[in-house]
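*Asks:* For reference, the chains in residue letters:
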Amino acid sequence: MTAAVALGIAAKKFAVEVDPRELAAMEVLPGVNCGACGFPGCAGYAKALVAGKIEPNLCPPGGAELVTKLARILGVEATAMARQTAVVLCQGDNRKAHLKFRYLGLEDCNAAQRIAGGPKACPGGCIGLASCLRACPFDAIEMTADGLAVISREKCTGCRKCLAVCPRDVIRMTPYESSIHVMCNSHDKGAAVRKYCQVGCIGCHICHRTVPDAYKVEDFLATVVYEQDAEAFEAIAKCPTKCIRDFNEGYPEGSTFLPINNDTSDAA
Amino acid sequence: MKLRTFKGGIHPPDNKHWTSHKAIEDCPLPDELVVPLSQHIGAPSVACVEVGQHVAKGQEIGSAKGFVSVPVHASTSGEVVAIENRPHPFGTSLPAVVIKPDGEDSWSYNLQFTDPGSLTADEVIEKVRQAGVVGMGGAAFPAHVKMSPPPEKPIRTLLFNGVECEPYLTSDHRMMLEESERVLQGVALLQYVYGAERVVIGIEANKPDAIALLKKQCADAPVEILPLAVKYPQGAEKQLIAAATGREVPSGGLPMDVGVAVHNVSTAAAVTDAVMLGRPLIERVCTVTGPAIREPKNLRVRIGMPLSHLVEVCGGLVEEPGKIILGGPMMGFTQLGFDVPVIRGSSGLLLLREEDIAKSPEGPCIRCARCVQACPMNLLPTTIAAYARRNLVAETEEYCAMDCIECGSCSYVCPASIPLVQSIRHGKAAVLAKKRNALL
Chain X
1 MTAAVALGIA AKKFAVEVDP RELAAMEVLP GVNCGACGFP GCAGYAKALV
51 AGKIEPNLCP PGGAELVTKL ARILGVEATA MARQTAVVLC QGDNRKAHLK
101 FRYLGLEDCN AAQRIAGGPK ACPGGCIGLA SCLRACPFDA IEMTADGLAV
151 ISREKCTGCR KCLAVCPRDV IRMTPYESSI HVMCNSHDKG AAVRKYCQVG
201 CIGCHICHRT VPDAYKVEDF LATVVYEQDA EAFEAIAKCP TKCIRDFNEG
251 YPEGSTFLPI NNDTSDAA
Chain L
1 MKLRTFKGGI HPPDNKHWTS HKAIEDCPLP DELVVPLSQH IGAPSVACVE
51 VGQHVAKGQE IGSAKGFVSV PVHASTSGEV VAIENRPHPF GTSLPAVVIK
101 PDGEDSWSYN LQFTDPGSLT ADEVIEKVRQ AGVVGMGGAA FPAHVKMSPP
151 PEKPIRTLLF NGVECEPYLT SDHRMMLEES ERVLQGVALL QYVYGAERVV
201 IGIEANKPDA IALLKKQCAD APVEILPLAV KYPQGAEKQL IAAATGREVP
251 SGGLPMDVGV AVHNVSTAAA VTDAVMLGRP LIERVCTVTG PAIREPKNLR
301 VRIGMPLSHL VEVCGGLVEE PGKIILGGPM MGFTQLGFDV PVIRGSSGLL
351 LLREEDIAKS PEGPCIRCAR CVQACPMNLL PTTIAAYARR NLVAETEEYC
401 AMDCIECGSC SYVCPASIPL VQSIRHGKAA VLAKKRNALL
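Chains as they are written, first to last, in my numbering: chain X, 1 to 268; chain L, 1 to 440.
Since the hints were made in silico from the structure, they are not lab data. There may be inaccurate statements among the hints.
Calculated pairs, SDA-like style, for lysine to any residue (alpha carbon to alpha carbon, straight line, at most 20 Å) [as the list claims (entries may be wrong)]:
#	chain 1	residue 1	chain 2	residue 2
1	X	Lys-189	X	Glu-227
2	L	Lys-359	X	Tyr-103
3	X	Lys-100	L	Gly-322
4	L	Lys-323	X	Gly-105
Sample of chain X residues facing chain L (criterion: CB under 8 Å; computed from the structure) [said to hold, decoys possible]:
#	residue
5	Val-76
6	Leu-99
7	Lys-100
8	Phe-101
9	Gly-105
10	Leu-106
11	Asp-108
12	Asn-110
13	Ala-111
Beta-carbon label-pair distances, calculated as ranges [to be verified]:
#	chain 1	residue 1	chain 2	residue 2	range
14	L	Lys-153	X	Lys-155	57 to 65 Å
15	X	Arg-134	L	Ala-205	42 to 50 Å
16	L	Glu-398	X	Pro-212	35 to 43 Å
17	L	Lys-359	X	Gly-38	38 to 46 Å
For every residue, glycine included, the Cβ atom is placed at its ideal position computed from N, Cα and C.
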């Protein structure tokens, strides 16, 4: 009884004052503790927000809606961060890209990469052992039957967890508005790429010549210039290895994700 | 009499009958030698010759960079035709000097006999460094680094590794039989450098001829020939120390912490060449064996000879190999093809057929603890592997994953075919990455 009283008094006396704004922020944060904001979990982010150290637009999973809510709680003005989405820049699944050797070991891309640079002959391509899938807190990644990771543009919140585990840096953050990507991550010369992959970028410059503003070719690899990609679609049909893909037209072969057409996404 | 050994370990079929009776043969020179600049543990050496330049046999073509590094030498005389990235036994393309032999095979200087009695210990070590001598058991750790222990850790016992516990390999066995003078001369030199009180050559009991020969030759010398029970991985440094001296190297420690230094018998022979003749390490004995090769042989090969050449010299292939392994079947490196060269640590080339490779699918752990029994480091392989696979780095480290010597005994005995050693390696890499990040 005395102990209970003592505990009760102690609880009152030594109670830690929590800023009500912090609790309110915790209420609206997604609570997945993905760490994309750069703080240890949602609680860490909420604490930093209340301390006024940072802008309330660092939570990619929360999106624009969360920024408005947080701004109201904190009594500040904030502009939403542009929505970003992760893309696996590779279409070379186990049928389209050659393997150097049969890999029989641990189902983990990092473990496989440690053995002679991974089973894929391409030094940049998706290994396909699903390390990113296991890291994704939002169930936004699927593996095709032929061993290629594909990320749903709608489910991806841009938390970057998959980027951190991928040993080949084949996953990139891209602006959500840009749906056209050069689906290759190999900086080898065209002749080398042709030897190990049917759908790799051979650095032929055709896309760049077709739409000079929307594409650049560096180190034998073309990339979309996302800031000015309005005309990028014109080069898709001209790519000799069919390496450029518009995700609004369809996901890579074998994926079950369906593109949502532009009208509905605008409405949402 | 019960032979000494260590705790744990496994008994794989030793398969040494293919080559153990065959004398060492000189391998003829190929059309092209590819000498990698990175053949040892430590910093790779830097090319110090130019394309088009003529080099003599034994000439330095790559200079050492830093203390834990050794120079690389031309394995024959000829013209440097390229300095570029070439396929390397480690699985990637790494810088190498490509030499087109001129057929003369002439040394860069007249070999001079040096009386080892006239040299100080430091001079011996310097000669060993200049000759690029590395541990020839497989890990290729620069010998001069091992030979320079800090003064507060004196070496009282000098241990020589004639165990050759890897199945199939017989290169050290043949060295001890055919070149015992070179080996014993090197043993004496190393004893002189360390000032060790006790010198032991550990040899597994499946090499009775080598034991008898060395015993006879060491009758008057203060060298102990110690027969050991046949068990894998007895040739691993810490296991050999346990077997021969009964001492245990502390976790995270080195053999010098228990006053022991371990060298391979072939390294001892290379030390003799380096010190007495000034001859750099440009050749080694390599066992070419396995069911997929027509004529298994013990070959004296030059560093940089492509594997395809070795296969040709051994009568070609019986059938397309299912697996090409440089080194032994337990700890060797599986190769992607025959285009890689032999390096200083290549003790054997093993060619297995498709049917020799076990490929049972992975099953669940049945908690039989065979891996625990087999682990020569007294670890819990199945527990560490389970943590490592779930990326629980702190737990992986707590269960002493870093003490794993990656001998593969656990994977060998596992009835569920769980890739235990690979999982532990994966975990070790994660622990190291975490430590690196903590420093940044």
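*Asks:* If you check each hint against the structure, which ones fail?
*Replies:* Result: hints 1, 5, 6 and 16 break, sorted rising.
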